[in-house]
Amino acid sequence: MTPTLPNIVLAPVSGAVPAWRAEADAAHWRAACEHVAQAGGRLAALWASDERARGTGYRVCALLVVHEGLVCLELRVPQDAPVYPDLAALFPAAGRMQRAAFDLVGVRALRPEGDVPDPRPWLRHGAWPEDAFPLRRDFEAAGTFPTELDRYRFVKVEGEGVHEIPVGPVHAGTIEPGHFRFSIVGEKLLRLEERLGYKHKGIEKRFTALSLEDGARLAGRISGDSTVAYAWAYAMALEGITGAQPSARALGLRALLLERERVANHLGDLGYLGNDCALAFGFAQFWRMKEDLLRANQALFGHRYLMDRIVPGGVRCDVDAAGAKRLVGEALRLKDELRAMRSIYYNHAGLQDRCITTGRLTPRNAARLGVVGLAARASGHAMDARAHPGFAPYDRFSPKVASHRNGDVAARIVVRFEEAFESLRLQRVILEQLADGPRQVPLGAAPEGAFGLGWVEGWRGEVIVALEAGADGRTRRCHPHDPSWQNWPALEHAVIGNIVPDFPLINKSFNLSYSGQDL
Amino acid sequence: MYRLLKQIAKVGIVTEAAPAPDASLRAIAQRLDDVVLKHFGRALAIRHVDAGSCNGCELEIHALNSPYYNLEGLGIKFVASPRHADLLLVTGPVARNMEEALRRTYDATPEPKLVVAIGDCGCDGGVFGESYASRGRVANVIPVDVAVPGCPPSPAAILQGILTAVDACRAG
Chain A
0 MTPTLPNIVL APVSGAVPAW RAEADAAHWR AACEHVAQAG GRLAALWASD ERARGTGYRV
60 CALLVVHEGL VCLELRVPQD APVYPDLAAL FPAAGRMQRA AFDLVGVRAL RPEGDVPDPR
120 PWLRHGAWPE DAFPLRRDFE AAGTFPTELD RYRFVKVEGE GVHEIPVGPV HAGTIEPGHF
180 RFSIVGEKLL RLEERLGYKH KGIEKRFTAL SLEDGARLAG RISGDSTVAY AWAYAMALEG
240 ITGAQPSARA LGLRALLLER ERVANHLGDL GYLGNDCALA FGFAQFWRMK EDLLRANQAL
300 FGHRYLMDRI VPGGVRCDVD AAGAKRLVGE ALRLKDELRA MRSIYYNHAG LQDRCITTGR
360 LTPRNAARLG VVGLAARASG HAMDARAHPG FAPYDRFSPK VASHRNGDVA ARIVVRFEEA
420 FESLRLQRVI LEQLADGPRQ VPLGAAPEGA FGLGWVEGWR GEVIVALEAG ADGRTRRCHP
480 HDPSWQNWPA LEHAVIGNIV PDFPLINKSF NLSYSGQDL
Chain B
0 MYRLLKQIAK VGIVTEAAPA PDASLRAIAQ RLDDVVLKHF GRALAIRHVD AGSCNGCELE
60 IHALNSPYYN LEGLGIKFVA SPRHADLLLV TGPVARNMEE ALRRTYDATP EPKLVVAIGD
120 CGCDGGVFGE SYASRGRVAN VIPVDVAVPG CPPSPAAILQ GILTAVDACR AG
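If you're matching them up, the sequences are chains A and B in order.
Each residue of the first sequence is one higher than the last, beginning at 0 in numbering that gives the first Met the number 0.
Each residue of the second sequence is one higher than the last, beginning at 0 in numbering that gives the first Met the number 0.
Some hints could be false.
[Said to hold, decoys possible] Reference listing, derived: stretches of chain B covered by chain A, where coverage requires no fewer than 3 residues with Cβ under 8 Å from a Cβ of chain A: (1) 93-99; (2) 123-132; (3) 135-144.
Keep in mind the hints are simulated off the structure, nothing from the lab.
Glycine is no exception: its CB is placed at the ideal position from the N, C-alpha and C atoms.
Let the hints inform the model, and build the full structure from the sequences given.
Rendered as structure tokens:
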């Protein structure tokens, strides 16, 4: 059923998920976004593109989630006045996305009063000048500039006894780079301000140099821990563009791989969460289980993390009867091991003491900030794209959505355990119901200007790919969107009032991607 | 406590033998003399630096800390500061936004020091290559002793690269 928005005529976007798009002028664009915000919808992603070659200036796309599915609202931004209405007042998550859109395309969000909500750069750290915009078509991808000194203005907290701890970009463990600025009194955290973008490596520009098919390999390397989710979302978008319909077998195998990625990551996180509470036993046990699972991936699918196994049109792997038997056996064994570990974790006084009430993200803040995925489910919002709106083949399996009200580290541990159990169940059901069919189908032509969307619930949250075809099978624009965009700002709220030594534990309980949001 | 001990006893020891060094992974000839290597070979402190990876290589570095690879039994330890390190384990193409941080981390590491570049991106820029935002391979920014290809390289391959850098033969 088509959603209704005031003064907007929506056209369907063909593909595996329910989606619509429309172009609107600035006033109607802003009003439609406001309508969605008031109706309980949320902002999934925001990006900009250079359309000057078409004579239409620039374009800003707001991708919204409404009850019926996705709505992509497009706004033409004039070339001589590249400004558009700010959405951060409606959706706080838009703030960083708007700053990134300015850094890359040079379009500015303005508040009704005419000022810029936050003029600081986000992805630009001085590697390119303020007046150069990498995603404009006349910007040379290979062009380099002398590095400017990056003088980022952090917000200063003042008062008696307040001091700062700067951390990063190189962290003390095996962690991705980013900068955290803590303002503290004693050991209590008053404020955390994140500075990300250190891993910006020009992924969106790189897509425009690749063919639509070659883009799949790059999509699988936007955030390595979610390679299956990205590869599927990219394939979904390209299949929508070309009208290709993967076989039921290929879809079943995709879901099998996605659930294996979910279990692998949850096992790793549960191990590290124990480790961060000085329970090294938990780390050793969970990482042994994870290693067994990765080795089974290598043996059966040819890659430990399943990179490049999902390709546009289908999959590049298969499971025979012996493989299926091995996987079912593994799932049953893991279920028993997880039960034993859950009992130890839930009854371990030291661990529970560290995790209960620590790093609390309230359901209200989660909703206000538009938090998604695992973190949202642990804060009372049982959203999961596999269950609603559901996409093939999950519509046949009715996945159970785990959730919790407390929003603390302990709740995020509970949700991980519950999701791992459900994921192991789903793997068995998928294997039982695996239909016959070709692994891969031909893609068909990609008309220039055709637009596709992919929407997949990865282990961390929803992974979205918006893709537009260029001439001769090339990529005109690809915007991959990581759930970490929405969830990083929530971490800043979850740590307030906690003690500094609990930060690593809280951070790990969210386990967000730097690479996925730095692009 | 009983359940915890029961689990430990049930699982037992899963550690496997370490791989032998592989001279073909060397990017440049050994720079360190035998006396230094003798010490590094018995107690090696590693600082990991992610210079812009997709985080795939980090997954395998984490996996290297699993009980299957008894790193500390080999005298290898990951440390929290470059000032404590003998060897830098660098992943990723070097993002231009990380170039300065990588250089400073290298400078903060005391001599004598070694650098092992991890993954296809660390070896040649990988799928990201060189661009306005990426400097490509690690050797474009700091000297690299050993480069381990793979996307991502397995934990055993990473361990082999580390052991190659210190010319250590510790099979078994």
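Right, here's what the structure says about each hint:
no., hint, result
1, 93-99, "holds (count 6)"
2, 123-132, "holds (count 8)"
3, 135-144, "violated (count 0)"
When the structure is compared with the earlier hints, a violation turns up for hint 3 alone.
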